[in-house]
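Q: Under the working numbering, think of the first position of the sequence shown as 1, with each following residue one higher.
None of these hints come from the bench; they were simulated from the model. A portion of the hints provided could be inaccurate.
Estimated spans, in silico, between C-beta atoms of each pair [claimed, not checked]:
#, residue 1, residue 2, range
1, Q137, K16, 14 to 24 Å
2, D218, K70, 27 to 37 Å
3, Q136, E219, 18 to 28 Å
4, S36, R115, 42 to 52 Å
5, D198, K46, 36 to 46 Å
6, P75, E113, 34 to 44 Å
7, R89, T58, 48 to 58 Å
8, E113, D13, 43 to 53 Å
9, K16, H77, 17 to 27 Å
10, T58, R115, 38 to 48 Å
A virtual CB, placed ideally from N, CA and C, is assigned to each residue, including glycine.
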Amino acid sequence: MIQMRNVSKEFADGNKVLRNINLTINNGEFVFLVGSSGAGKSTIIKLLLKEMEPTTGTIIVGDKDITKYKRREIPFHRRNIGVVFQDFRLLQEKTVYENVAFAMEVIEAPPKEIRRQVPIILSMVGLSKKAGLYPQQLSGGEQQRVSLARAMVNSPSILIADEPTGNLDPDMSWDIMKTLSEINQRGTTVLMATHASDIVDKMKKRVVEIENGIITRDEMKGGYSSEA
């Protein structure tokens, strides 16, 4: 579960990017986070990842109040959250297999477990036959699927996708959305920030809209806009 209780964020220059946010996302939900650029979507993601701290309020992830975490606890918190970005962020000098394995090496997983788990997750995203290729040898959609595999290889309970289809053509975008749906159906909570109105309108998931740092709409089976 994710809970944000009366969360606000104000920067030193007085810019208030979030204002009294109250949001609950239950285990296993698929939630779209929508709104114009600068509305506050990225700030919410950074707060959940402990990349920044709220000015006021409480943030619960699982059953833990992460606003009270000490610095040494943050890496363990992030292990429970998979993250996929618009720009893939793959290691160009590593193969597909090595990029995914690296996420397990970082948490010091045993080599035997890495050899077992990486092929399983590559198969799940349809990249078993591309394991030995490098990122520059892949299409944009394939690179994003590598990112998804890397985000999921440690079996996080939460997946945050920040504009994951932003650099992809429509066909590749729908391939990624199919994979995200399958991940969600396996029990992973998915929070996806997006400007892709066609995807949001067609999938009819929960939609949380934020504008000027305020949640303006929280709608089950919603569209990209309130009129959809």
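Q: So, for every hint listed, does it hold in this structure?
A: Against the structure, the hints:
Evaluation of the 14 to 24 Å hint for Q137 and K16 yields a failure: the beta carbon distance comes to about 45 Å. Under the hint 27 to 37 Å, the C-beta atoms of D218 and K70, about 32 Å apart, fit the expected range. Between Q136 and E219, the C-beta spacing of about 41 Å breaks the proposed range 18 to 28 Å. Between S36 and R115 the Cβ separation comes to about 45 Å, which falls inside the hinted range of 42 to 52 Å.
The hint said 36 to 46 Å for the Cβ distance between D198 and K46, and at roughly 27 Å that hint is violated. With their beta carbons about 18 Å apart, P75 and E113 fall outside the hinted range of 34 to 44 Å. As the Cβ distance of R89 to T58 is approximately 30 Å, the hint placing it in 48 to 58 Å is violated. Our hint of 43 to 53 Å for E113 and D13 holds, since their Cβ atoms are close to 46 Å apart.
Taking 17 to 27 Å as the suggested C-beta distance range, the pair K16 and H77 conforms, at roughly 26 Å. At about 41 Å, the CB distance of T58 to R115 agrees with the hint of 38 to 48 Å.
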